[in-house]
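Number of protein chains: 2
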Amino acid sequence: MAESPAIKRKREEKEGKNGSAASQNERPAAGDFPLAELSVLKVLRESAREKAIFLHGRVNSASGDETDAVVILEKIPFQEENIAELLKKHTAFQLQMSNDIYSTYRLFLPPELNEIKTTVVYPATEKHLQKYLCQAVYLIQETGEDYKNITLPFIESQSFSIQWVYNILEKKAEVDRIIYENPDPINGFVLLPDFKWNQKQLDDLYLIAICHRRGIRSLRDLTAEHLTLLKNILQEGGEAIQKRFGLAKTQLRVYLHYQPSYFHLHVHFTALSYDAPGCSVERAHLLSDVMFNLELDSQYYQKCTLTFALRADEPLLKEFQEAGKA
Amino acid sequence: MAESPAIKRKREEKEGKNGSAASQNERPAAGDFPLAELSVLKVLRESAREKAIFLHGRVNSASGDETDAVVILEKIPFQEENIAELLKKHTAFQLQMSNDIYSTYRLFLPPELNEIKTTVVYPATEKHLQKYLCQAVYLIQETGEDYKNITLPFIESQSFSIQWVYNILEKKAEVDRIIYENPDPINGFVLLPDFKWNQKQLDDLYLIAICHRRGIRSLRDLTAEHLTLLKNILQEGGEAIQKRFGLAKTQLRVYLHYQPSYFHLHVHFTALSYDAPGCSVERAHLLSDVMFNLELDSQYYQKCTLTFALRADEPLLKEFQEAGKA
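Chains as they are written, first to last, in my numbering: chain A, 3 to 328; chain B, 3 to 328.
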């Protein structure tokens with residue numbers, strides 16, 4: 003399943019990637035972050051839609067040292083149980099515009115009814131700043147030839163570890179999280195909740211089916227030979243979700259990612275009403291469309307041009323650029 | 003192009019659809035909305051991601067009358083120019099969690115630095131309540147046969163007016179908004195900004211190409227015969243956007259909707275970095291994929307099963323349900 007940020011973070015720390023070990027000696031005591039002394043150097047990223055902003059700041063200590071920090075501010079969602087109180091206790095309500103039955107106002111609330119979630123990374127290294135920096139994205143049109151000449155050699159050179167996937171399939175990890183399994187080694191799979199989903203509400207339901215068969219890296223490896231596996235995932239996965247969570251198949255979006263985040267075939271199940279990250283047309287491929295295309299032409303995914311976006315800092319982009327293809 | 007909510011609203015009003023005319027006599031004076039006297043009856047919809055909530059409320063007047071209202075609360079985005087002030091003037095900053103270099107806090111701000119945009123529809127009719135009510139969505143798998151037997155007869159029975167599209171093509175409206183035109187009656191098109199885009203920043207760039215040729219209702223009507231038209235839209239549209247707005251083709255998402263919102267072929271161009279509404283995999287079809295499929299098989303879009311979502315209140319859903327297909 004897709005790694006949660008927490009897990010990614012842990013791995014990076016183990017591998018010493020974020021440099022936190024090196025800087026631990028000078029680290030201030032937890033809970034000590036001097037917000038009022040922060041100078042904002044740069045907005046790394048902002049999302050008007052999600053009401054969040056990512057800041058690169060610097061703290062000047064009394065001793066003259068400067069320490070970088072990443073500060074993420076995000077307004078929190080409205081909570082149904084607080085609404086009545088919030089409407090009664092406003093400090094001001096100012097008319098902005100009025101037209102017939104429609105009007106808009108500026109509403110001001112007491113601080114405690116309108117908090118902001120703040121996440122701090124402190125001290126932050128250059129790696130952290132890069133991680134949160136808004137990167138330009140580029141659309142890649144990968145032909146079948148491009149896959150063979152650029153993408154496949156790149157994947158093979160990277161030796162991404164997918165031991166954590168094998169641990170799940172071999173019941174060495176996350177055994178108690180498995181929702182359903184078809185144990186067939188060729189056409190079977192396990193279904194489990196994605197780490198992004200807390201299983202507390204169906205609104206953002208998110209599960210992952212991971213196939214037992216090894217060596218199917220992605221969409222690009224699929225042929226008509228895999229139709230039984232795909233059909234099992236679509237049908238049995240949907241039934242298992244209906245049985246366990248009560249959500250009908252007509253309320254599920256079932257798709258693969260290309261590029262995937264790891265190269266062992268897996269399928270995403272998300273609630274149709276949930277605007278899930280990664281379900282946009284330049285990354286997601288509906289499993290039912292994939293099956294239709296394989297029935298039409300077994301070599302469809304070896305021949306077709308696949309379109310996907312790469313961020314400026316992704317190494318695969320450089321490979322495409324060096325080949326004159328991006 | 004897709005209608006903006008404002009335009010939709012105007013049309014509904016003209017057609018007397020929302021009943022505002024009937025209720026205008028009892029309408030309170032503008033700017034008079036008694037927020038503190040509002041009883042919240044129901045949450046019509048909420049978006050945790052966008053920090054917005056849609057409420058159905060009722061106002062009890064002194065005379066004992068009850069009047070329905072829709073109240074929409076939405077937190078506003080952070081503004082870069084206010085950030086420094088906001089960090090300095092907080093009223094409280096409380097540690098929630100701390101782990102190594104990572105920590106989270108609850109930040110509380112003075113009311114004036116953290117306003118909430120409030121939109122009121124008052125008095126609201128049943129139509130308004132329905133409009134804002136969160137509707138269940140259902141995934142439809144429309145086979146080629148389903149299209150012929152269910153969808154096409156439905157479209158033809160509805161006689162949706164697309165006079166506004168013809169007005170654009172004939173230069174009777176929006177002439178000054180046209181960004182580019184290829185005037186060929188068979189393989190030409192006009193390109194203009196979508197109403198959702200204010201043209202002030204590239205972040206949410208959104209344009210629409212509308213083909214000159216009439217009678218191509220949607221993706222379902224496309225065959226290899228239309229490849230020249232589609233190629234022109236993809237190439238010339240992309241070039242025109244690069245020339246006018248400076249955004250390269252590799253930073254554009256170019257796609258069709260199925261179902262479309264009106265049945266005259268049009269193509270959406272959005273900034274790749276913009277998480278545009280309607281670009282998710284169950285509605286959007288990349289123009290480059292469409293062209294690949296038509297080259298593979300001229301009848302691809304007459305034969306394939308197309309997947310799309312319908313809301314519970316959409317009449318086409320009833321047609322599929324009555325045919326036992328949803």
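Take these hints with a grain of salt, some might be off.
You can't tell identical chains apart in this list, so a pair holds if it fits in one copy or across any two.
The list that follows gives simulated cross-link-like pairs (lysine-lysine, DSSO-like), each with its CA atoms no further than 30 angstroms apart [claimed, not checked]:
1) 233 to 305
2) 90 to 44
3) 327 to 245
4) 245 to 150
5) 91 to 150
6) 90 to 129
7) 91 to 174
8) 119 to 245
9) 129 to 119
10) 198 to 327
11) 198 to 91
12) 233 to 198
13) 233 to 327
14) 90 to 198
15) 251 to 320
16) 245 to 174
17) 129 to 44
18) 129 to 202
19) 233 to 173
20) 251 to 150
21) 174 to 90
22) 233 to 119
Read the hints as simulated data drawn from the structure, not as lab findings.
Bear in mind the structure is a predicted one, so any value in this text is a computation, not a measurement.
Honestly, which of those hints from before does the structure not fit?
Hints 4, 5, 7, 8, 10, 11, 14, 18, 21, 22 not satisfied by this model.
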